[in-house]
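Novice: Next come the chains, spelled out residue by residue.
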Amino acid sequence: MSNLIDLSLSELISNIKNKKISSKEVTSEYVERSKKSKKLNSYIEETFDTALKKAKEFDSKPDFNKKLPGIPMAIKDLFCTKNVKTTASSKILNNFIPTYESTVTQNLWNDGAILLGKLNCDEFAMGSSNETSYFGNVISPIDNDLVPGGSSGGSASALAAKLTPATIGTDTGGSIRQPASFTGTVGLKPTYGSCSRYGIVAFASSLDQAGPMTRNVKDAALLLEVMSSFDNKDSTSVEFKRPMYSKDLSKDIKGKKIGIPKEYRVDGMSEEIEKLWEDGKNYLKDCGAEIIDISLPHTKFALPTYYIVAPAEASSNLARYDGVKYGFRKEGDNLIDMYEKTRSAGFGDEVKRRIMIGTYVLSSGYYDAYYLKAQKVRRLIKNDFNNIFQKVDAILTPSTPSSAFKVGDKSNNPVSMYLNDIFTVPVNLAGLPGISIPAGLDKKGYPLGLQIIGKSFDEQNILNIAYSMEDKINFKFNLKEWWMND
Amino acid sequence: MSIDLKTVKHISKLSRISIDEEKAKKLETDLNSIFKWIEQLNELKTDNIEPLNSIVETKLRLRKDEIKSKNIREEILKNSPDENKDFFVVPKVVE
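Line by line, the protein sequences give chains G and H.
Quick note, the first sequence lines up with residues 1 to 486 if you use the working numbering.
Quick note, the second sequence lines up with residues 1 to 95 if you use the working numbering.
A few of these clues could be false.
Claimed, not checked - Result set (DSBU-like, lysine-lysine): computed pairs, CA atoms no more than 35 Å apart in a straight line:
no., chain 1, residue 1, chain 2, residue 2
1, H, LYS68, G, LYS85
2, G, LYS262, G, LYS275
3, G, LYS330, H, LYS6
4, G, LYS300, G, LYS254
5, H, LYS45, G, LYS91
6, H, LYS45, H, LYS9
7, G, LYS233, H, LYS36
8, G, LYS82, G, LYS341
9, G, LYS406, G, LYS382
10, G, LYS24, G, LYS53
11, G, LYS275, H, LYS36
12, G, LYS38, H, LYS26
13, H, LYS36, G, LYS444
14, H, LYS78, G, LYS300
15, G, LYS53, H, LYS85
16, G, LYS410, H, LYS9
17, H, LYS13, G, LYS56
18, G, LYS67, H, LYS78
19, H, LYS36, G, LYS406
20, G, LYS20, G, LYS38
21, G, LYS410, H, LYS26
22, H, LYS23, G, LYS300
23, H, LYS13, G, LYS341
24, G, LYS256, G, LYS67
What the hints assert, rightly or not - Quick list of simulated restraints, FRET-style, between CB atoms:
no., chain 1, residue 1, chain 2, residue 2, range
25, H, LYS26, G, SER235, 36 to 42 Å
26, H, ARG73, G, GLY136, 33 to 39 Å
27, G, LYS36, H, LYS85, 39 to 45 Å
To be clear, the hints were calculated from the coordinates, so they are not data collected in a lab.
This one's a predicted model, so the numbers in the text were calculated from it and none came from an experiment.
Where a beta carbon is used, it is the ideal one built from N, C-alpha and C, also for glycine.
All chains should be built: construct the whole structure from the sequences, respecting the hints.
Specialist: Laid out in C-alpha cells, this is it:
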C-alpha cells in the first residue's frame with residue numbers, strides 16, 4: 001500500500017472495509033499531519049482527541065455498511081456542530097457553541113464519518129481569498145504567499161495539503177468552486193435544494209448550498225450521495241429520488257452535447273486560460289461528446305446582480321447578531337447603543353460593507369431601483385440557462401479568470417476581488433449544479449480549473465463528464481511540503 | 001447616483017452599526033465604486049419581466065403546527081451573553 005495520506009477517500013474506504021487499515025491508524029495520521037501544518041492556518045478549532053476516541057470506538061465495533069466507515073474529516077466552520085464551537089470565522093460568534101447539529105454534517109456522522117476539526121473560511125463566507133476571517137488569513141499549500149481562494153479557503157487548503165481526506169464547503173457565489181480551482185482540487189456546488197441548509201450559518205439564503213470538496217471526481221460523487229437529503233427543517237429542500245451518484249458514475253458521455261458560451265471569453269482573459277478551455281473541448285471530443293457554440297447573453301450582468309441580491313439577503317440574515325441571545329456583546333448606554341457597538345466591534349470590514357450595501361438596496365426609495373431590478377435581471381439570467389439547456393446537456397467554462405493571487409494583492413479593492421467570481425456566480429443565481437475540476441497549470445506552476453455546469457438536479461451528468469475529463473487531463477501537482485514542521 | 005457622507009451615516013444607522021468619521025469616509029469611497037459598477041444593470045430594459053424571488057418556485061410546504069422539542073429552555077439560554085441563566089437580559093428599555 002502506498003502512503004496512507006496519499007490515498008483518496010474512495011481508496012481509504014475500501015482499505016478500511018478490507019480491514020487493511022483501521023480508523024485509528026487513519027485518524028492518527030491525519031491528526032499528526034494537521035498538527036505539523038499550523039503555518040497554513042487552515043484550522044480554527046481542532047477536535048483531535050475526540051476524533052481519536054471515536055476512531056477507537058469505531059474499530060472496536062466497526063460497521064462496514066456505512067458509506068464513510070470511520071473516516072476522519074475536517075469541515076468548514078460554517079456548519080453548526082453540536083457542542084463544538086462554531087464561529088463562521090467571525091468575532092461575533094467567537095463564543096458560540098451550538099446545541100444542535102446541521103443536517104448535512106449529521107448525515108456525515110450517521111454514515112460513519114468522524115469530525116477532525118473546524119476549518120477557517122472568510123467571515124460569514126463573504127470573500128474570495130480567505131482574508132476576511134477574524135482568525136487570520138489561510139495560506140495555500142501551493143505556495144507560501146498564495147491565497148487558497150474563498151470563502152471555503154480553509155477547506156481547500158486543508159484538502160490540498162492532505163490534512164483531511166475530503167471536506168465540505170458552502171457555495172453562495174463560487175465559494176467551493178473557486179478555492180477548488182486555486183488549489184488543484186475538485187469542488188461541486190449542488191443544485192439549490194439538494195443539500196439541506198438547516199444548521200448552516202446563513203449568508204444569502206436563496207443562493208447558499210453546501211457541497212463536497214475532494215481529491216477526485218469519484219470522491220465528490222460519493223460525498224454528495226451522503227450529504228444530499230430531503231429535510232423538513234429546510235423550507236426550500238427539494239423532495240426527489242436521490243441517485244447513487246458514485247455507483248452510477250460512468251465515463252460514457254458519447255453523444256453528449258456540451259455548450260461553449262461565448263460570453264465567458266472575457267476581455268483580458270489570459271492565453272493560458274484560453275488554451276485550458278480549448279484543451280478541455282478537445283478532451284470532450286475525444287470522449288465522443290459534441291461541442292456546440294452557445295450564447296448566454298446576460299452573463300455580464302450576473303455579478304452586479306449578485307452584489308445586490310446577496311448583500312440584501314445577508315443584511316436581513318445578519319440582523320440576528322444583536323448581542324442579546326448569543327454571540328459577542330459590547331455593552332452600551334441603552335439598547336440601541338448596545339446593538340450598534342456590538343455589531344461595530346463584532347463584524348469585520350467586508351461584512352459591514354455588505355450589510356450596508358444590502359441595507360441601502362432594500363431601503364425606502366431605492367428598493368425598486370436596485371433590489372427589484374436585480375430580481376428581474378436574475379430572471380433573465382435564469383431564462384438564458386433554461387433556453388440553452390433545450391439544446392445542450394451541459395456547459396464547459398473556465399472556473400476562474402486567473403490562477404490564485406498573492407496575499408494582500410486584492411484586499412484593498414473590493415470590485416477587483418468580486419471579479420474573481422465572474423464565472424461561478426451565474427450558476428448560483430440560476431440555482432444550477434456546477435463542478436470545478438483541476439485542468440492544468442499556468443506559467444507560474446499554479447493550478448487552473450475548468451467548470452462544468454449542468455441542468456437542475458442533473459449532478460450525475462456533470463459528474464460523469466468530469467469523470468471522463470479527469471482521466472484525459474491526468475492532472476498532477478508536485479506538492480512541496482514547505483509548510484510542515486517536524 | 002452617488003452616495004454622500006450623510007447617506008453613509010444614515011445607512012449605518014439603519015444597519016445598527018456605529019461608524020466613526022474615518023470609517024464613514026472610507027465606506028463612502030468603497031460604496032461609490034461598488035455602486036458605479038452595479039449600475040451597469042441600467043443598460044437592461046426590464047419593464048415586463050417578472051422578478052425572481054426564489055429558485056425553487058413552488059409553494060412553500062405546509063405542516064401541522066405542533067410542538068416537536070420540549071424542555072429546551074436551558075439549551076436556548078445556554079449561549080446567552082449575559083451571566084443570568086434564567087432570562088435574556090438587555091439594557092433598560094422602558095423607563
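Novice: Look at each hint and say if it fits the structure.
Specialist: Taking the hints in turn, this is what the structure says about them:
no.	hint	in the structure
1	LYS68(H) <-> LYS85(G)	25 Å, holds
2	LYS262(G) <-> LYS275(G)	15 Å, holds
3	LYS330(G) <-> LYS6(H)	26 Å, holds
4	LYS300(G) <-> LYS254(G)	32 Å, holds
5	LYS45(H) <-> LYS91(G)	42 Å, violated
6	LYS45(H) <-> LYS9(H)	32 Å, holds
7	LYS233(G) <-> LYS36(H)	39 Å, violated
8	LYS82(G) <-> LYS341(G)	29 Å, holds
9	LYS406(G) <-> LYS382(G)	34 Å, holds
10	LYS24(G) <-> LYS53(G)	8 Å, holds
11	LYS275(G) <-> LYS36(H)	33 Å, holds
12	LYS38(G) <-> LYS26(H)	34 Å, holds
13	LYS36(H) <-> LYS444(G)	34 Å, holds
14	LYS78(H) <-> LYS300(G)	47 Å, violated
15	LYS53(G) <-> LYS85(H)	32 Å, holds
16	LYS410(G) <-> LYS9(H)	26 Å, holds
17	LYS13(H) <-> LYS56(G)	53 Å, violated
18	LYS67(G) <-> LYS78(H)	34 Å, holds
19	LYS36(H) <-> LYS406(G)	27 Å, holds
20	LYS20(G) <-> LYS38(G)	30 Å, holds
21	LYS410(G) <-> LYS26(H)	16 Å, holds
22	LYS23(H) <-> LYS300(G)	31 Å, holds
23	LYS13(H) <-> LYS341(G)	11 Å, holds
24	LYS256(G) <-> LYS67(G)	30 Å, holds
25	LYS26(H) <-> SER235(G): 36 to 42 Å	38 Å, holds
26	ARG73(H) <-> GLY136(G): 33 to 39 Å	37 Å, holds
27	LYS36(G) <-> LYS85(H): 39 to 45 Å	41 Å, holds
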